[in-house]
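Colleague: Residue-level listing of the chains:
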Amino acid sequence: MSRRFVLVVALLALLLAVVAVSGVALGTIAIAPRDVIAALGGHGDPLTRSVVRDLRLPRVALAALVGAGLAMSGTALQATLRNPLAEPYLLGVSGGAAVGAVLAVVAGATAAGVVPLAAFAGAVVAVIVALMVARAAGGRADGRVLLMAGVVVGAFANAAIMVVLANAPPNALRNATWWMMGSVAGAEWPAVRALAVYVAIGAGVLWSNARDVDVLTLGDEPAAALGVRVERTTRLVYLVSALLAAATVSAAGLVGFVGLVVPHLARATGLRGHRALLAAAALLGATLVIAADVLARVTMPPAELPLGAVTALIGVPFFLTRLRSLR
Amino acid sequence: MLHFDSVAARYPRQALLALDGVSLDAPVGQITAVVGPNGSGKSTLVRALLGRVPLERGAITIGGADVGSIAARERARLVAVVPQRESAVFPLPVRELVALGRHPHLSGFAGWGAADESAVRGAIEAAGIGDLSERSSDELSGGEWQRVRIARALAQQAPALVLDEPTTFLDIAHEMSVFELLSSLARGGIAVLLVSHQLNLVARFADQIILLHRGVVAAAGTPADVMRGDILERVYEWPVVVTRDPAVGAPSLVPLRGRRS
Chain A
1 MSRRFVLVVA LLALLLAVVA VSGVALGTIA IAPRDVIAAL GGHGDPLTRS
51 VVRDLRLPRV ALAALVGAGL AMSGTALQAT LRNPLAEPYL LGVSGGAAVG
101 AVLAVVAGAT AAGVVPLAAF AGAVVAVIVA LMVARAAGGR ADGRVLLMAG
151 VVVGAFANAA IMVVLANAPP NALRNATWWM MGSVAGAEWP AVRALAVYVA
201 IGAGVLWSNA RDVDVLTLGD EPAAALGVRV ERTTRLVYLV SALLAAATVS
251 AAGLVGFVGL VVPHLARATG LRGHRALLAA AALLGATLVI AADVLARVTM
301 PPAELPLGAV TALIGVPFFL TRLRSLR
Chain V
1 MLHFDSVAAR YPRQALLALD GVSLDAPVGQ ITAVVGPNGS GKSTLVRALL
51 GRVPLERGAI TIGGADVGSI AARERARLVA VVPQRESAVF PLPVRELVAL
101 GRHPHLSGFA GWGAADESAV RGAIEAAGIG DLSERSSDEL SGGEWQRVRI
151 ARALAQQAPA LVLDEPTTFL DIAHEMSVFE LLSSLARGGI AVLLVSHQLN
201 LVARFADQII LLHRGVVAAA GTPADVMRGD ILERVYEWPV VVTRDPAVGA
251 PSLVPLRGRR S
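Those sequence lines, one after another, are chains A and V. Going by the working numbering, the first sequence opens with residue 1, and the numbers climb by one from there. Going by the working numbering, the second sequence opens with residue 1, and the numbers climb by one from there.
Here are some, though not all, of the chain V residues that point toward chain A, as calculated from beta-carbon distances under 8 Å:
1) L50
2) A72
3) R73
4) R75
5) V81
6) E86
7) L92
8) L100
9) L106
Calculated from the model, a selection of chain V residues having no Cβ within reach of chain A, i.e. all distances over 12 Å:
10) A15
11) A59
12) A65
13) S118
14) G122
15) G128
16) R135
17) S141
18) M176
19) V216
20) T222
21) R228
22) E237
23) P255
24) G258
Hints in this document: simulated from the structure, not taken from any laboratory. Even glycine gets a Cβ: it sits at the ideal position worked out from N, Cα and C.
Use the sequences and the hints to build the structure in full.
Modeller: Written out as structure tokens, the structure is:
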């Protein structure tokens, strides 16, 4: 581990901690940081404790996991597909998840967990279809073909959504639209725990393939020359990144821009090597989504802004400052 | 060291074989050069070695072991390959690019060791890119890139080295220094297999030449055996004269002007 890695990760972790504490402290009822820490330790008055531990904390945790998952997914994909514009939502994940969720909403699903489950199923189906399309078209796991297959599947999904929503009752239309704008407002511990498991597994697989990903950024042939099993690794990273994104989408809807912009921010820290980059991206992604969620709820209380819109509103200016160095 | 035995290979969905019964042997201590017109199968030879093109017939062995039966990582410790093309999207410092040559030697949690460090330092020195090592890959000229890629292959410290047109984009000084480097590596006990269009340099530096034409070996042997006007004219479909270079005594090819009707 280089000194830069330790320094950067320590700084990013500190930033995340500060943003996370403000994420718990800020909201319709502001709570002093001192009381936040007391409540986390099980002290203080019961109302504060309940707000902190049952409402705000799961919300912050979910935002962190969504951000970390999307950011790691995007980091791995951009490198493996060798495309600075690659991001998890381009793989048909978002489109597929949205089809699943919209169908569940329009069908009038009300039981807890049905919409997330339908979204996850939709995302998985979309990813599998994209992989099959790519395989039929390219024979080999070619990064460009994989990306195009994902884009095409996503476009098809979006068309399907429009057809379904065009004739949906107004209430379903509103619910579906809200879902597509992303939110962590309804966060509850079981959903947080489930996503934590997914993100941990995904992070583990990506991390253990990170050195191969370093080499894959050189191109398929140079990577093969350096002993990487190119097709296997490309397909594995694609699948794991897609499933990671699918899990975040099923938990929080569509939170745009994180998977695209955070990998660039991670690279801007000057870290090299994808083990380090994945760690930095996870911390940055978590920080960005928590911050966006705080903005979403404090800007015009008691109304909330759509989370996916806020991440893009914060992300775009960041991205523009980095655009010059993208080339 | 590197042995191709009656290798036939075909790209997916292609009617013609890209390689049709090519045999060659690249022994330790020699430069073996593969030459031939565009599309004659030179690069396919390299891709077949890397398992990027499936073999229809024949076998490729490294030190007696079939390349299909050894793991990719193990193969990369036995043979370092500098492919023709590379597309690095995200810029990296030159030193880090060379360090990626140690990839096949790193495993699991094993960290970067002193052996890796000295291999990278040695490779940077041998390739003569010490002055570039702090530069970013997106600031390199075409020729500098080539030398960085050669350095990365040297960092692999493999007993066999395969290069696909390594001197493209190089000026004469750098081209000569690459050939001199390959020559000294071969003398140092490495098997060098070189794909090149530089017939005259190959004639001076290679111990043996394999001339490919439409996926078939058209001629093979010492430079004097292969560098013959009648053979080269037939394969390249262009009028040529082969003379003896007055300065160095090697066969020298001069393409004539205008296509003979």
